[in-house]
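> The primary structure of each chain is shown beneath.
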Amino acid sequence: MKRLILYLAALTSLAVSAADITLAENGTAKAVIVIPEKARPIVQFAARELSDHLKAMTGAEFPVGVKPGPDVNIYLGFGNANSFATDEYVISARGTRIDIYGKDTEKPVDLFDYYYDNPDKGTLRGVYNFLDSLGIRWLAPGKDGVSIPECKNLRIPEQEIRFKPYFSYRKNSDGYDFMTVHPDARGYVDSVKEVYLWGIRNHAAVRYSVVECHSERHLKLFENPEWLAHPEAQQLMKNGKRNPHYSCWTDPLTKEIWRRAANGYFSGKTPQECGFLNLKGYLGSKWPFPFFKPDEFMIDPMDHYTGNDGRCYCERCEEFRKQHPCKDDTEIIWRVIADIAKEIGEKYPGKYISTLIYPPKMQIPQTVEIPKNVRVRISLRGPSNLIFPHKIARDIESLQQWGKYFKPEDFQVSSFQCTCGFGGFLPGMLDSYPHLIARYIQTVKPYCAGIFVETLNLTHTARNLDVYIFLRLMWNPERDVEKELKEYFRLYYGPAAAPAREMFRKFEDNWIRIEREILSEKETAIGLTGESAEYFRKKIWSQVYDTAEMKEIESLMQKILKLSPEGTVYAKRARLLQKYLVQWMQDERSFVMEKEERRQQLKLSVPKAAGSAPSEEEWTKAPEYKLISSQKMGPGLKAAGSFRLLASDDMLFIRAELTEPKMDESKTDPGHLSGNHDVWKDNCVELFFYAEKSKKFWQVIVNDNNVWSSQTRGRVLNRWEQMAGLQVKTERGEGKWIAEITIPLNALETDGTDLRFNFTRERNVKGVAQECSTWSPLAMSGGWHSPDNYGTLIFEVKKH
Amino acid sequence: MKRMWIATFFILGNSLFAEADFERLNMEAGQAAEAKNFVTAEAKYAEALASASDSKTKTQAILGKFKAMRGQKRIKEAEEFLLSRVEDPDIQLQDARQLLNTLAETMLWQKGREDCAMGILQQAQNCECPKSGNVFYQTFYIMAILYRNRAQYSAEIVVLENVLQVREQHPANLCTAHYMTGAAYEKLGNSEEALAHYRTALKFGKRVKYKYDYTKVEKAIERMCK
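If you read the protein sequences in the order shown, they are chains F and Y.
Oh and the first sequence: position 90 is 90 in the numbering used here, straight run, nothing missing.
Oh and the second sequence: position 84 is 84 in the numbering used here, straight run, nothing missing.
It should be emphasised that the hints constitute simulated quantities derived from the structure, not laboratory data.
Please note that the accuracy of each hint is not assured.
Stretch by stretch, here's where chain Y covers chain F in the computed footprint (C-beta under 8 Å, at least three residues) [said to hold, decoys possible]: (1) 624 to 636; (2) 708 to 720; (3) 771 to 782.
No residue lacks a Cβ here, since even glycine has one placed at the ideal position from N, Cα and C.
Next up, chain F with everything else stripped away, as it sits in the complex:
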């Protein structure tokens, strides 16, 4: 065995010496970084990045200079890359010479520009891939997000690599607003520049074409006097009103305005010269965002939303639809886009019109020929559609069909990973699904130039993993997602990798459940608000992230914290995870569910009585439920009260004992008879019933003089109605009064499992301020009439 080990060691050392290049030995640099004498700023920046990372890895200083050293020389930016494509680079390592180069910009270092717009970063790309091959990873934005293995002796194999990524377009939604939209931003970075750097290091592409969407908004027609003076060019909504924020795409003025804008843009005119008085330039362009790419002008309608489908319902549009039947407004809007694109193509060769394939123009136009100088981005739901075979099949069909009309480089996908974050639809939840992302990239790969993904969540911690995996796999789709995930958790959470990975696996599995079992109830693109949001939140928090699941997540979190040694970067990352994901989930969940969960804990046991009327012994044995003050922050009760419950097959029996030291001072009006609507003003008790399934509501008021009234609820309004079969017997005694109430169960319309109940008292005696009490602690004064505040009756034996 010993011999075998010695043999293997010798073999390994031979392999190293024969083909490897030594960069550092025992913490001393054996290489220098050489840059051209008049190196471009981006090459100088690449040299600094290389030197800094190698130093962090080996502990050695790697000098950067223009003269080669005696050992290994790493030459940056020396090769001829004139014929290289964007993002293409070379790493050539032979003997003592390593070359890294690609096409480089002449522009100065500006991380905003490098991240968003400047595509020529070939040498820098090469450097980052070289570092990547040494095991360095940029797992999250900021200094603490970098993982650098320690290695005093650094050797690399000889290699010849010329690489160009499969996708030219690889973009996520991280950007300028990172610091303002993420409450945990400062947990990662000090400034947004570090976010740009993270994107550059992970090879996010620039926004090279079909920038943004809904460019109509940026033309600000709704502020344009010319536009406002012509309401007939504005959208006629279904309610008969004109909406200046949207256009009537059959109106000649709409086309004329876009034609003028596109022509003006490409001819170098200012917006003001074209009649757009209120527009300001963006990034050196005379025109506003997104009109700043020299070869492209976007014509795209305003976004639609639930309250406005973006379509005009004027007579002309309706007539057009009759003549050119189409599922949406594809034919109407493409007619404008295609005409203008044709004109632009003739007048300004090489210039493009861009637009989205997005509602209300999702169809392939049948009556319009799409000119060659049109670029598009097709909006699809994205990876989560993989959960539903019919949806992903529909998306692929769209890609195939649309793809026929464009050059691959002019056809991109826009996808959404923002169901939770968009409009704060599902706060505290996360749509994290790295496996789906990996599958989605493979699925769309044959059809397009790349993907833009709108990854929104309310904290960055909830999205970091997915953004990282997206960028890694978009740069090289051959990467194995399982290996990537394993590596991510190992490097990012260190000793706590296993529970962290398990936690995120849960998140992905849970999201798939949420999509399948809950959100599929309603076809939704990216987000919902209002009533639907409330409904879905409750459903998800109670069915998927229920208390048991939350306990498991909390338990995993505790394991992660325990395994992360204090003072290490792992502990810092674990705390971010706790504060901005797990704690945040818990807070949001309790915000939505706390009251309902508390209500569900409020249960009143109702023992079965042997006969048709309970015996005294049965009453004594029945649990006693005490009343508490229903005045929030009020003093304690001066007159206590309690009640007991029993039931037969048909009846519910309630016996209440109400302490009353001033019985003679009762304010009860002796003239009141049962059915009187003012009984509630007497010294009385009130019983509230609500059957969940039938939604039947009853309020029964009983005074201390054997008088009662009841009301029930229709669909909306309460109506006074004496409950058939209800019996009341009250008795005034020394220092107390007793009420016995018998309720026929069939009047309550319950199935025996869904009956909510509360018992309240209004103590009205002379010389004492009104004192209100309740059994349910949720039903404080002001909340007596809401069934959300009642407990549930648990009948010992179900009613037949």
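Starting from the known structure of chain F, arrange chain Y on it as the hints suggest.
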């Protein structure tokens, strides 16, 4: 098949005509009401109600007619009319709630009608509606005023909690609700809670995008911090 098409066309055509009728009648009624010609307004709103095809338009016409009747001092009749329409199955619950809110609001400052207003609102609160909307807020806002007028501050706090829990509520509504909660706590002698709510009110007040006066909130904070 042909008959089915004719029938569909007939139904669609009729509903389009009805919509157009409603818009016209509703507009004419509004003009009459503005000119204080409540008799004409009532008649036009009644016609508009007859041609209204959905919950929203029906609600619009009911509210119009209710106000026109009140304009003629036929208060009781107006209230009965409104209540008689609330149970119409075509009226969605959220619109029913709006009707009840409006009714309660008109009773708010009528001496001796407070209990009635409270009863109406207790029913309104059980009509489901989007929590982010103004209709939801109005129910609890008017309830809170009623409790405040009765000096039942703890009940006022309980009622306002319904609004404070809804993050999607308009910041102006949240500002008011926090301010009222703060004032109720102040009345109950809990200055710590009062100040906390005043501060939150100010936070929401500053979030309102239009010109919004929150000087009373600032003054309350100043008073508490003295």
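> All hints, please: hold or fail.
Okay, the hints, checked on the actual structure:
Note: the stretch 624 to 636 of chain F has 4 residues with beta-carbon separation from chain Y under 8 Å; the three-residue rule is met and the coverage holds. Here the stretch 708 to 720 of chain F counts 6 residues with a CB under 8 Å from a CB of chain Y, which clears the bar of 3, and the coverage holds. Coverage of the stretch 771 to 782 of chain F by chain Y holds [criterion: at least 3 residues with CB-CB distance below 8 Å; count 3].
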